[in-house]
Amino acid sequence: MRCLNTVLQDILVGKKAVIVKSRNPSYLNLSGTIIDETKETITIDDGVKRRMIIKRGTTFHITLHDGTVLEIDGNMLVGRPEDRIKRRLRRRW
Amino acid sequence: MRKFVDLHLAPKLKDENQVRQLIVRAIELDYRRIGISAPPGTNKRYIRKLREDADLNVDLVSRVDITCTTPKSLLKALRQVRRRFEVVAVTCLTKSVARQAAKDHRVDLVNFPYTDLKRRFFDKAEAELASGSYCALELDMNPLLTLPANRLVPLLRTLRQEVRIAEKFDVKIVLSSGVNDVSLMRHPYDYVSLARLFDLDKESALDSLSEIPNSIIERNRRKLSPDYVAPGVFVVRRGGDG
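Protein chains in written order, with the numbering used here: chain A, -17 to 75; chain B, 3 to 244.
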């Protein structure tokens, strides 16, 4: 079974995402494919429009390639993708 | 409608009759969730047995009370108990333990001795550390009912200061009974009235008896569930090759 502990170090581009919680109510239930990622934002293409979503204060449901759906707090995703790869999971609680 | 919680019932666990009496009385007093305090070495099977024996109208919460004198022993105890109990409370006897407990994310509640006011280390530094983690300040109401007047007055003064500091730094306060005797248990609204003695207003006191402890329990139960992966990461649906 895939080790889910490393999901926060994973590359998000190409994965499907659904926004389930957000400070901006217009982003709620927005779903699409992640096409770009920066330190503080994620760009989602919902098939109609590309939207740049701020990671902080947002909760995503991200679908991995094996079909597993994870609920991830956006605060844990803050950071450049190349820096997140280096991040080690120190806290387990 | 509020779901009242008493997170700190401290019966002698070997006296099953006393435990049962406390649970029955808590139900009569409108508590929907109660936390039975257990020492760190308590068997998980005992907690499960307690849940099975208890009345179905109440939700039993497993709670552990850690009492340490050094931060090192606290960290060791936390490593052992965190994934076994739903609520972890630390009784801080020294300043270093208080500081460590406040900044550790694994601690849910901090409380301090009520008989020795010099050992109540909840100051601005402590509150600032507690506000950064999810630590809440627990205040037992039992001493307000049992202490003599000459010790009660300075305690109330200290509690007033602590409540003021907690509100300033946005540290949550949890009100509990802390009783081991059925006769000392009170209705939640009685505790709300008592809380006015240390300047905790009605709404805040009601939250301290319901919303705040409920949020602690829900948060920890979610973390103890098999769907928990890491801080901020939960499994919603498992994939095909899982």
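No lab work stands behind these hints: they were computed from the structure. Yeah, the Cβ is synthetic: ideal placement off N, Cα and C, and Gly gets one too. Each hint should be verified, as a subset may be incorrect.
Claimed, not checked - Partner residues are not named here, just some residues of chain B that face chain A (Cβ under 7 Å, in silico):
1) A79
2) V83
3) R84
4) H107
5) R108
6) L226
7) P228
8) V231
9) P233
10) F236
11) V237
12) R239
13) R240
A quick look at each hint next to the structure:
| no. | hint | verdict |
| --- | --- | --- |
| 1 | A79 | violated, 14 Å |
| 2 | V83 | violated, 11 Å |
| 3 | R84 | holds, 6 Å |
| 4 | H107 | holds, 6 Å |
| 5 | R108 | holds, 5 Å |
| 6 | L226 | violated, 10 Å |
| 7 | P228 | violated, 11 Å |
| 8 | V231 | holds, 5 Å |
| 9 | P233 | holds, 6 Å |
| 10 | F236 | holds, 5 Å |
| 11 | V237 | holds, 6 Å |
| 12 | R239 | holds, 4 Å |
| 13 | R240 | holds, 6 Å |
Of the numbered hints given earlier, the model fails hints 1, 2, 6, 7; all others are met.
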